[in-house]
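The whole structure should be built from the sequences, with the hints applied where relevant.
As you go down the protein sequences, you meet chains A and B in turn.
101 is the number that the working numbering gives to position 101 of the first sequence; each next residue is one higher, with no gaps.
120 is the number that the working numbering gives to position 120 of the second sequence; each next residue is one higher, with no gaps.
The set of hints was computed from the structure by calculation and includes no laboratory data.
Heads up, some of the hints might be wrong.
Copies of the same chain are indistinguishable here, so a pair counts whether it falls within one copy or spans any two.
Stated by the list, open to error - With a cut-off of at most 30 Å between alpha-carbon atoms, the simulated BS3-like pairs for lysine-lysine come out as follows:
1) 147 / 331
2) 77 / 139
3) 260 / 369
4) 63 / 177
5) 187 / 236
6) 187 / 401
7) 308 / 63
Protein chains: 2
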Amino acid sequence: MRQSQLFTKTRREAPADEVSKNAILLTRAGFINKEMAGVYDFLPLGLRTLNKVMGIIREEMNKIGGQEIFMSSLQRKELWERTGRWNDQNVDVWFKTHLKEGAELGLGFTHEEPISNMLEQFVSSHKDLPFSVYQFQNKFRNETRAKSGIMRTREFIMKDLYSFSLNEAEHEAFYSKVAEAYKTIFKRAGLGDKTYMTRASGGSFSKFSHEFQTVCESGEDLISITNEENKEAINKEIAEGDLEWQKAVEVGNIFTLGTKFSDPDLKFKDENGEAHNVFMGSYGIGPARLVGTIVEVLSDEKGIVWPKEVAPFRVHLVSLNQNEVAEGIYKTLNAEGVEVLFDDRDLRAGEKFADSDLIGIPTRVVIGKNYSENQMLEVKERNSEEVRMMSTEDLLADLRK
Amino acid sequence: MRQSQLFTKTRREAPADEVSKNAILLTRAGFINKEMAGVYDFLPLGLRTLNKVMGIIREEMNKIGGQEIFMSSLQRKELWERTGRWNDQNVDVWFKTHLKEGAELGLGFTHEEPISNMLEQFVSSHKDLPFSVYQFQNKFRNETRAKSGIMRTREFIMKDLYSFSLNEAEHEAFYSKVAEAYKTIFKRAGLGDKTYMTRASGGSFSKFSHEFQTVCESGEDLISITNEENKEAINKEIAEGDLEWQKAVEVGNIFTLGTKFSDPDLKFKDENGEAHNVFMGSYGIGPARLVGTIVEVLSDEKGIVWPKEVAPFRVHLVSLNQNEVAEGIYKTLNAEGVEVLFDDRDLRAGEKFADSDLIGIPTRVVIGKNYSENQMLEVKERNSEEVRMMSTEDLLADLRK
Chain A
1 MRQSQLFTKT RREAPADEVS KNAILLTRAG FINKEMAGVY DFLPLGLRTL NKVMGIIREE
61 MNKIGGQEIF MSSLQRKELW ERTGRWNDQN VDVWFKTHLK EGAELGLGFT HEEPISNMLE
121 QFVSSHKDLP FSVYQFQNKF RNETRAKSGI MRTREFIMKD LYSFSLNEAE HEAFYSKVAE
181 AYKTIFKRAG LGDKTYMTRA SGGSFSKFSH EFQTVCESGE DLISITNEEN KEAINKEIAE
241 GDLEWQKAVE VGNIFTLGTK FSDPDLKFKD ENGEAHNVFM GSYGIGPARL VGTIVEVLSD
301 EKGIVWPKEV APFRVHLVSL NQNEVAEGIY KTLNAEGVEV LFDDRDLRAG EKFADSDLIG
361 IPTRVVIGKN YSENQMLEVK ERNSEEVRMM STEDLLADLR K
Chain B
1 MRQSQLFTKT RREAPADEVS KNAILLTRAG FINKEMAGVY DFLPLGLRTL NKVMGIIREE
61 MNKIGGQEIF MSSLQRKELW ERTGRWNDQN VDVWFKTHLK EGAELGLGFT HEEPISNMLE
121 QFVSSHKDLP FSVYQFQNKF RNETRAKSGI MRTREFIMKD LYSFSLNEAE HEAFYSKVAE
181 AYKTIFKRAG LGDKTYMTRA SGGSFSKFSH EFQTVCESGE DLISITNEEN KEAINKEIAE
241 GDLEWQKAVE VGNIFTLGTK FSDPDLKFKD ENGEAHNVFM GSYGIGPARL VGTIVEVLSD
301 EKGIVWPKEV APFRVHLVSL NQNEVAEGIY KTLNAEGVEV LFDDRDLRAG EKFADSDLIG
361 IPTRVVIGKN YSENQMLEVK ERNSEEVRMM STEDLLADLR K
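Rendered as structure tokens:
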């Protein structure tokens, strides 16, 4: 994409109404726009990154057999009354609204109730199990704390996966598969080194659950690393004894639900015709929180530093008064399938470099006087100070690695 | 995908609570699930089709330079009060809710107000124009009529494109480009023959607008074809005189907004430093309504007939007690990049064929006794009665066409 066409612009100054690092940098770089506290729009660069993250998650969910669906935000009261989760005393994050005819509706903050209800029509025999279903769907949560940028918002896309098994043993096997998939996701998103599978409370569903916690100064949780090599930790909420605590952000969680949401109506008959409730699990990742965490953890004083797999573009091609030759290289890179942001704007080098550092695309390729003199590109990785002189062919070979 | 793994099942009977053909067929075939009147979930087959439709629209929007974003559903009251569209007397489709702190919020039914507001930070000079921005975003409309299946719902993804031009002439040029893109979209979605660019009322924005209307018995509009060759029509709401009317479904619309939403704050300075309001247009397509219209218009007594570009899969591979060889052909097709639903279930041929007709995948490939005897596949297009005997190589060549 040509940067001269991009409708967003970078800002030198932090927005006055933001305190979190992720919101400040993402706003300055033109990735997001704030509609109100805890509610953000994704602008072209931000949506590209969000889509990259969702693409990684989707691939890993498909690999473990997840079937993708898309459920509604609008929720019928009756379904949630059965489990006691309609009441505002029990669930304090509902946004509620109503139909013109008067019936009260909720805006889903999760989907255990409607998905169990929906599946009653499809599950009857043990032969129908196991399977798992996931979606990327906008959740609504009426948060009172909404000062963490895109890490805790009132409206956000969540990847929620639900599993349906014959029994606890079958469930445990799938639960382990999800844990491995989650590790792969956080690794691909560039957070593998700092993310720990953390034993935590199971809330109202089970005794324990697992969270994936990324060590981060702005995190709201406290964890203690119990095994650095295996990347294991424990959440302070369930720990006994005197441990060393670090702040961390919960980037994912996996829950054993048991039969809480399948009871009474989501049942299957076993080989002997006996009815049992389906054994369930649920597994969440908030893609935007993951984007926010990447910014919190990996940025530097100049701006954002995107890992390759989640960057909005792979290459930032910066032309310094060389638009004619740069145009040719831009076309070559595009033809090779490389995603390029082409800074073809009429600005000084210093401004272009500052924008490039702020936006944080992994590889910056400058076409300046080294090119006009000896056809060499100046190639610099965002997370390194080294500038390498390369021919276009060598750059392409490097990008293919 | 293996059909034995798909969690949905087909139904022989129409659901008791549906009257529209699209909802009946899509429910029977396992594409959608009804949460309540006018609110549907998309199940794996349905989501695949919806994604195909969105993919076509996205490609055509990108071709005309549209920049994709993703805005919030939650809307601040103040923005809509300025244009008079907060009031329920003026806009009768709002779903409203409120923050815990008490402030009233709306759930966006469209996005002219927030997008104009958001763009004030990016537009200042004539050099910033023109550009266009689009999104696929969940809209909420508190409809009292919600009996048309997925063609008129209370919650739906809409592709809304907004254009920002210097003046009316520049706007008109882009408006024509969008009209051409829309024609391409409806053609690719299989509705080209029955879809007419229709002059209609401009509502409160302008004297006229254009709708894209697909001739369809269950449509809520009446149009008269004014030029069959050029696919032009007029909506009864603005027609004078005695014409012949046909029922039609509005599958898209394009509006000249002028400066209604840019006034007073979305301005640019011209070469002389003089300020002007940006000239806007808005352009909508509801992907789910398009899916519903395809079902209404193209299905037959046996089920759905998907056009190739929007089908959930390209090939329905049906094994009749030949799972071992079918497995090999399934792998070959997958390796060639063909999207295949593989009916590996242990059912009678008649049931498999009935399901295949109901689901409506364009090409059915049967592996039965013709295969065991002479390695020939029985290939039948969903919209034809002819059965062709083909080798796997010939099938692949045929699919590549």
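- Intra- versus inter-subunit Cα pairing at 30 Å for residue 147 with residue 331: This pair counts as neither: shortest intra-copy Cα distance 42 Å, inter-copy 50 Å.
- Should residue 187 paired with residue 401 be assigned to within, between, both, or neither, using CA atoms and 30 Å as the limit? Within one copy only: 18 Å inside, 40 Å across.
- Message: Within a copy, between copies, both or neither: which one fits residue 77 and residue 139 at a CA-CA cutoff of 30 Å?
- Response: both (16 Å within a copy, 20 Å between copies)
- Can you tell me if residue 308 and residue 63 fall within 30 Å by alpha carbon in one copy, between copies, both or neither? Both ways: residue 308 and residue 63 sit 21 Å apart in one copy and 26 Å across, limit 30 Å.
- Query: Using 30 Å as the alpha-carbon threshold, which applies to residue 187 and residue 236: within, between, both, or neither?
  - Reply: For residue 187 and residue 236, the Cα distance is within 30 Å only inside one copy (24 Å; across copies 58 Å).
- Task: State whether the alpha carbon distance between residue 260 and residue 369 is at most 30 Å within one copy, between copies, both, or neither.
- Result: neither (67 Å within a copy, 48 Å between copies)
- Item | Alpha-carbon proximity between residue 63 and residue 177, which holds within one copy, between copies, both or neither at 30 Å | within (10 Å within a copy, 40 Å between copies)
Of the numbered hints listed earlier, those contradicted by the structure are 1 and 3.
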